[in-house]
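Keeping their order, the protein sequence lines are chains F and S.
Here the working numbering is used: the first residue of the first sequence is 1, the next is one more, and so on.
Here the working numbering is used: the first residue of the second sequence is 1001, the next is one more, and so on.
Calculated from the structure, these hints are not laboratory results.
The model shown is predicted, which means the values in this text are computed figures rather than measured ones.
Be careful, since some hints might not be right.
Unchecked claim - Computed from the model, here is a short list of chain F residues facing chain S with C-beta under 8 Å: (1) S308; (2) V329; (3) L359.
We treat Cβ as the ideally placed atom computed from N, Cα and C, and that holds for glycine.
Each chain is listed here by its residues.
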Amino acid sequence: MRRQLHVLLVEDCTDDAALLLRQLRGGDWDLFHERIETAEGMTAALDAREWDLVISDFSLPRFNGLAALAMVKQHRLDAPFILVSGAVGEDIAVAAMKAGACDFILKGQWARLLPAVDRELRDAEVRKAHRRAEAQLVASEERLRMALEASNQGTWDWNLLTSEMTWSPMVESMHGLAPGAFAGTVDAFLQLIHPEDCASYFSETARAISEGRSYNTEFRVVWPDGSVHWIAGSGQVARDSEGNSVRVVGTFMDVTARQQALIEKEAAEAALEEHRVRIERANRELERNNLRLADLYSTAQRFMDNVSHEFRTPLTVIKGYAEVMVEGVAGPVSGQQAEFLGFIVDRTRELAQMVEDLLDSSKLRAGTLRVDRRPASVHDIVAKVRPILMRMATAKNVRIAERLDEGLPEVFADAEKAGRVIINLVVNAVKFSPEASEVTIWARHAGGGVEIGVSDHGPGIAAEDLGLIFQRFKQVGNTPIKNTDGIGLGLNIAEELVALNLGDIQVVSELGKGSTFSFTLPPNDPPEVLRRYLDYLAVAASLSTLAAIRVSCHLPDGISSEMRGFIASAINPLDLVLGFPDGCSLLIVGASADSKRFTERLRAAMESVCGRYGGPGCMEALQVEHLGAWHYPAEEQKAVERILQELSQEVLHV
Amino acid sequence: MSETILIVDDDRAIAQLVAIRMSAAGFKALTASDSKTGLEAARLNRPDLILLDIRMPEMDGFEFHRRLKEIPEVAHTPVIFISANSQEAARRKALISGARYYLTKPYEPHELVGAVRAVLPGPRSGTAAVQ
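Just need the whole structure built from these sequences, with the hints factored in.
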């Protein structure tokens, strides 16, 4: 398809126009044209469309070629403009060419027209392509500028020959300068760089220039306000045709925030690392200390066990032989000899008691003291310790009086421990009693259970000292009584033994009037025992589980008693063993973390005892059942209900 | 006829003291100051009860008890331990091994005699609680 050529003719003479068009039709195009002869017509034509070529007569009656040319330029029409004229001076031709006309052709020399048009159209084509390329360049530069601005980058251009440096406004702003404030030389730039970074920036740049390569830098600049900012830059060295570096262009980016973040991150990491190291060190120290403490503790524990073990045998020998001598087994003894031997027996017993105290105290602390709570009578408990109390009182010339109420209910307690408490309280009372005074042991019905007390006529205890009374290894100072030696463990142990027996201990005292220590024991009533046991757990232990195990062993006489002894020694001191009226069934309530496994172990252990001497039928009679485990204290109520249900069922069975 | 009690304790003072106590209570007492002699004495005399120490050189009370149960004639002889060791572990071990009582030194004379009477078969035996 042939190209179309739109020609605007500015010509008043139709003959000339016809001649012209005839010439043009000889070209390789489809010709379209419009002829105008006035400025108005010219304007309308230029507004109407784009023209590929304008051919204008130099002079028209109401218009002229130079004015037409001016209008074309004004319209920014890039089409070639050719002037034709009948006769014209050289000066006019020069003026026309200066104004931007492409060629000047005399009428009659039509042969020149076509080649001139051809040439001018080609030139116009080239110009147009050039303009398009230029527009694209501008657009891409604009895009680059926007991209640089978006990433906080600015551009710079350094002329190595003149030392002049041009900065984009962005670069100025990242140096703390207002737009246009940069002096425009590389020296001015170097003055803005932080003194510590200036030399390295300079040497790096110089090396890149001498090698003619691109490079990256990072340096600090000092703003006019004195603040320091970080800039990251890259540069590209341009060389001339002879290979000399002539120019460096590049970008700068303000990386202060990144740098600050990096510095803060490094500081935070360093601090973190320091903390980690410190914690690690502290942990190792703690671990070492723990090991050392555990070692010390077990050493102390072993030492305590060994000491008491080593003391017992000689004590047994001393006390035993003194006893048999008093009894006359080894021949007759005089009254005075018997009295002296009695002192030996008493003091040996006292010593044995102290060893026992020491050991109990260590066991209490370790939580390994065995508790065997069962139904007991207060009269029996007192009767059992009476001989010991009498001997202690006699040695100090103190009288012991007993006032135990009639009809006291049965209690549920470890009788031996309750006896130990009475002994310790009486030891304490006797110790502080004046000569020939009286110490009273009394018992009364209290709160469903029994309260047992020991009252003396000693110096009494000041109100402010009452709180210190039960503290381990502490004796209250400034007592008027001389004979107050002792290791001070007795009351403390008494307090802990009372707690194991699910009771409370208290002291009432007045200076000069004596003291009364008393403690309670729960009645032999399982629900009440359970209630007091839970009260005890609440303060004594930090538990997470409460479990119940039912053990039934309807065994021949004697065997079940041995089984009970065995269970008492197998369970945790914190556990509670409740007996049923039939005497053969037990309910173990306790805190064992894994109560199911404990149940299995208990069953296995009991079967082994059964197999050994339970006789035929023992295994069949033995039942060990895990009733349940509950979260403590969240499900305490649930646990209580289940245990009470179990207890009431058994009562019904009986 | 009085029952025979065998006392095995490496501490002669203790063995003799216990023997005096047993004699005073009306029993026939035999003593042995080591386990080996004790086992031999048990086999020969077939005592009605053995009072046994735990900590002894060469063969301790637990081992003595184990071997005793392997001698058919005396396998079922009741054993009461008398030990200075009051630790629960020792008590439990003794009871599991089949000991009938576990007394700790120093004992009260009536405790010892009471335990012996409770364990011996016959009209005097009772069902006293395990201590």
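Hints versus structure:
no.	hint	verdict
1	S308	holds (7 Å)
2	V329	holds (6 Å)
3	L359	holds (6 Å)
Checked against the numbered hints given earlier, the structure satisfies every one of them.
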